[in-house]
Amino acid sequence: MSSNNDKIILEYYIMKNDFKSAGEASSNVKKVLNQLGVDSKTVRRVAIATYEAEMNIVIHSNGGNIIVTISSDKIEIIAHDEGPGIKDIELAMQEGYSTASNQVRELGFGAGMGIPNMKKCSDVFSISSHENEKTLVSMTMYM
Amino acid sequence: MKEYFHSVVLDKHKCNGCTNCMRKCPTEAIRIRDKKAVITKDRCIDCGECIRVCPYHAKDVIVDDLSVLKNYKYNIAISPMSLYGQFSVDTDMNKVFSGIKALGFDCVFDEGLSADVLTIAIRNILKSNNLQKPVISSFCPAVLRIIQVRFPSLIDNIIEVESPMEVGARIVKTKAMKEYGLDFNDIGVFYLAQCPARVTSINRPIGIRSSYINGAMSIKSIYGDIVKNAKKVQKDEEYMRASPKGVGWGRAGGQSYAIGVENYLAVDGIEHVIKVLEEIELGKLSNIDYFEGLACIGGCVGGPLNVENPFIAKARIRNIARTSEKCDFLNNEFINEILAQGLINWTEKITPKGVMTLDDDIAKAIKKIEMLNQIRKELPGTDCGSCGAPSCNALAEDVVRDKAKIEDCIFILKEKIREKEKYGGKL
Ligand code: SF4
Ligand code: SF4
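The listed protein sequences derive, respectively, from chains A and B.
Heads up: the first sequence is residues 29 to 171, going by the working numbering.
Heads up: the second sequence is residues 27 to 453, going by the working numbering.
Check each hint, because a few of them may be wrong.
As the list claims (entries may be wrong) - Stretches of chain A that chain B covers, calculated by requiring three or more beta carbons in the stretch to come under 8 Å of a beta carbon on chain B:
id, segment
1, 82-90
2, 106-112
3, 151-161
Stated by the list, open to error - Below, a list of computed lysine to aspartate or glutamate pairs in the EDC-like style, where the Cα atoms sit at most 16 Å apart:
id, chain 1, residue 1, chain 2, residue 2
4, B, Lys127, B, Asp251
5, B, Lys393, A, Glu118
6, A, Lys59, B, Glu54
7, B, Lys394, B, Asp428
8, A, Lys69, A, Asp151
9, A, Lys35, B, Glu396
10, B, Lys301, A, Asp34
11, A, Lys35, B, Asp387
12, B, Lys159, B, Glu304
13, B, Lys310, A, Asp116
14, A, Lys147, A, Glu110
15, A, Lys59, B, Glu305
16, B, Lys258, B, Asp118
17, B, Lys201, B, Glu304
18, B, Lys390, A, Asp34
19, A, Lys69, B, Asp118
20, B, Lys390, A, Asp101
21, A, Lys162, A, Glu110
22, A, Lys59, B, Asp385
23, A, Lys102, B, Glu304
24, A, Lys48, B, Asp132
Said to hold, decoys possible - What follows is a list of derived Cβ distance ranges for each label pair:
id, chain 1, residue 1, chain 2, residue 2, range
25, B, Ile338, A, Asn93, 28 to 36 Å
26, B, Asn289, A, Lys48, 24 to 32 Å
27, A, Ile95, B, Ile436, 49 to 57 Å
28, A, Glu39, B, Glu374, 51 to 59 Å
29, A, Asn93, B, Gly286, 29 to 37 Å
30, A, Lys35, B, His39, 36 to 44 Å
31, B, Arg49, A, Glu52, 37 to 45 Å
32, A, Glu118, B, Glu359, 33 to 41 Å
33, A, Asp151, B, Lys61, 33 to 41 Å
Because the hints were derived from the structure by calculation, they are not lab data.
Please read all numbers here as calculations on a predicted model, not as lab measurements.
Even glycine gets a Cβ: it sits at the ideal position worked out from N, Cα and C.
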C-alpha cells in the first residue's frame, strides 16, 4: 500500500491457481473503503469487481496484479495479467460463458459471470486482450 | 456519538485483565486498559462471546429479578423455544410452564407460537419476485448488529419482520388488554432470555420504535426454581403450545425447515456467520433463497444464558420437531388477524453504524490510512496482545484514533529504552 497526498494506492500480486489466497485482495480493499467511510453500495460494487478480477487472474491467467487507486471522488481498479489472453472478448462478455476447466467448475468457480459482473459493477469499464497476449481490465467507480 | 445501550457488562472486581475476551470478540470491541477489560460500546453487538470465554465470570448480562413483577397488575412470561431443549424429552412441558407461572406470572406464552405465525408470514414474503437474494433472516439480533457494523451493504437483504419474541409479546399483550380490560401499562411482559442479544433488543430494538416487552430474566437464574415448582404442580393445566416446527426455530436450520425453503443456508457460530456474510457481500451466494445466520453454536440452544449443553439441547429439539403434532391455535383466521394488525413488520429503517470509519471527512480519512500504514510497518506483527489491543493492526488503528500510543507496544518500548541507554540516557 502506498499513498500520495490525496490518494491511496493498493497493489496486490496474484498468482496463478492460488485459491488459498484468492479473495484476500477484495477483503482488504473492502476494509480500507469502510475505514474511509465510503458508502456501502459503492463498497459492495468495488468489492465484487475486485473479487471477480482476482478470480479471473487465479483461474484463467499465468498470474498478474491488481492496482486499486482510491481518491476522494472515485475508485479505479486496474487488473493486469501475464496472458494467455482472451480469444473472443465479445463472447467472454456474455453472461454464462466460461472457459474454466471442469476441475475449477467443480470448486464452484468459473460460472462465466466474471467479466459481465465486473462491467455491471463499474461506471466506466474497458478490457483489452488478444489471444496469447496480456489482458488488461480497467474499471472506475464514482462515489 | 450516541451511546448504545448494552446488556453485556463487566464486573471490574472479578476481571483479571487476561486477554481471553479481547481475542474472542468478533468486532474487536474489547481492549485491556489498566489491567481491566473495557468494552467499546458502539462496536459491541451483544453476542455474548466474551461471557462464554471469561474464566473469571467477570462478564455478565443485566437482567431483572422477579421482584419487578409487583410493578404490574398482570404479568406475562414469554418462554423461548430453546427452553424445550433444557429438559429431557419426556418432560411434560405443561408442568414446566406451570413451574414458570408459579414464579409469579399470570400467564405463560410459548414463543414457538409466534414462530409459527412468522413461519407463515415469511413464507408469503419469500414468494415475492423482487427480493435481494439471499434474503437474510432477521431472527438473531447479534447478526443484525454485525451487519450494521461490518456489512452495511447487506442491510437491504434483511427480511423486515420482527422476531418471534417481539411478535409474541405483541400478540399476548394485545390479547390480555382485550380480555381483561387492562391498560397497556398495567401489563408486564417478561422474556426468559437465553442470550444478551435479545435482552438488548428489548431496550434498543432494531426495526421498530419500541418493544412491547418490559424486561427479561435469564434462564440460568430461574431454572432451579422452575424445576422445583414443576415438581410440585398439583392440577394439570393445558397451555397453548407451539407446533413442533415452531419449537424447532430454536436450533440452526429450524427456521428454514419450518418455512419450507429448500434452497437455504443455515450457519451458526458468529465467526462462521461473519465468513459467510463476507461471501454474500461479494455477490457469491445470490443463488441462495434464504440465509439463516445465528450467532450461537447450534442456534438459540447455544445461547450463553441457557443451562443445558447446546448439542444435547439441539438433539432434543430436533426430536420434538420431527413429531407431527398440529397446532390448533394456528388457524388462518387468527393469522390473518395478526397480519392485519401490523404486529409483525418493521416500521423503522435500520441504518449502518459507521464505527469502522476513521474520519467523517474522506480526505482526512485518507491521511489517516497513510498514518495507519506507517505505524503498521513499525509494529512487529506478532499480535501478542500485551499492548491491550487484539492485534498489531488494531493497535495501529487505536493510535490513529488517538486511543493508544505506539509505545504501548512492548517491542517498541524496549527498542526505545535500548536507544536511550545507548546515548547514555537513564530511565
Ligand atoms: S458481547 Fe460480543 S461484541 Fe460485545 S464485547 Fe462481548 S464479545 Fe465483543
Ligand atoms: S443465536 Fe439465538 S441465542 Fe444466540 S445470540 Fe442469536 S438470538 Fe441469541
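To see whether the hints hold, each was checked on the structure:
{"no.": "1", "hint": "82-90", "in the structure": "violated (count 0)"}
{"no.": "2", "hint": "106-112", "in the structure": "violated (count 0)"}
{"no.": "3", "hint": "151-161", "in the structure": "violated (count 0)"}
{"no.": "4", "hint": "Lys127(B) / Asp251(B)", "in the structure": "11 Å, holds"}
{"no.": "5", "hint": "Lys393(B) / Glu118(A)", "in the structure": "41 Å, violated"}
{"no.": "6", "hint": "Lys59(A) / Glu54(B)", "in the structure": "14 Å, holds"}
{"no.": "7", "hint": "Lys394(B) / Asp428(B)", "in the structure": "11 Å, holds"}
{"no.": "8", "hint": "Lys69(A) / Asp151(A)", "in the structure": "13 Å, holds"}
{"no.": "9", "hint": "Lys35(A) / Glu396(B)", "in the structure": "9 Å, holds"}
{"no.": "10", "hint": "Lys301(B) / Asp34(A)", "in the structure": "32 Å, violated"}
{"no.": "11", "hint": "Lys35(A) / Asp387(B)", "in the structure": "14 Å, holds"}
{"no.": "12", "hint": "Lys159(B) / Glu304(B)", "in the structure": "14 Å, holds"}
{"no.": "13", "hint": "Lys310(B) / Asp116(A)", "in the structure": "25 Å, violated"}
{"no.": "14", "hint": "Lys147(A) / Glu110(A)", "in the structure": "21 Å, violated"}
{"no.": "15", "hint": "Lys59(A) / Glu305(B)", "in the structure": "14 Å, holds"}
{"no.": "16", "hint": "Lys258(B) / Asp118(B)", "in the structure": "13 Å, holds"}
{"no.": "17", "hint": "Lys201(B) / Glu304(B)", "in the structure": "42 Å, violated"}
{"no.": "18", "hint": "Lys390(B) / Asp34(A)", "in the structure": "9 Å, holds"}
{"no.": "19", "hint": "Lys69(A) / Asp118(B)", "in the structure": "51 Å, violated"}
{"no.": "20", "hint": "Lys390(B) / Asp101(A)", "in the structure": "13 Å, holds"}
{"no.": "21", "hint": "Lys162(A) / Glu110(A)", "in the structure": "5 Å, holds"}
{"no.": "22", "hint": "Lys59(A) / Asp385(B)", "in the structure": "14 Å, holds"}
{"no.": "23", "hint": "Lys102(A) / Glu304(B)", "in the structure": "23 Å, violated"}
{"no.": "24", "hint": "Lys48(A) / Asp132(B)", "in the structure": "58 Å, violated"}
{"no.": "25", "hint": "Ile338(B) / Asn93(A): 28 to 36 Å", "in the structure": "51 Å, violated"}
{"no.": "26", "hint": "Asn289(B) / Lys48(A): 24 to 32 Å", "in the structure": "28 Å, holds"}
{"no.": "27", "hint": "Ile95(A) / Ile436(B): 49 to 57 Å", "in the structure": "36 Å, violated"}
{"no.": "28", "hint": "Glu39(A) / Glu374(B): 51 to 59 Å", "in the structure": "42 Å, violated"}
{"no.": "29", "hint": "Asn93(A) / Gly286(B): 29 to 37 Å", "in the structure": "47 Å, violated"}
{"no.": "30", "hint": "Lys35(A) / His39(B): 36 to 44 Å", "in the structure": "50 Å, violated"}
{"no.": "31", "hint": "Arg49(B) / Glu52(A): 37 to 45 Å", "in the structure": "22 Å, violated"}
{"no.": "32", "hint": "Glu118(A) / Glu359(B): 33 to 41 Å", "in the structure": "58 Å, violated"}
{"no.": "33", "hint": "Asp151(A) / Lys61(B): 33 to 41 Å", "in the structure": "51 Å, violated"}
Hint check: violations occur at hints 1, 2, 3, 5, 10, 13, 14, 17, 19, 23, 24, 25, 27, 28, 29, 30, 31, 32, 33; the rest are consistent with the structure.
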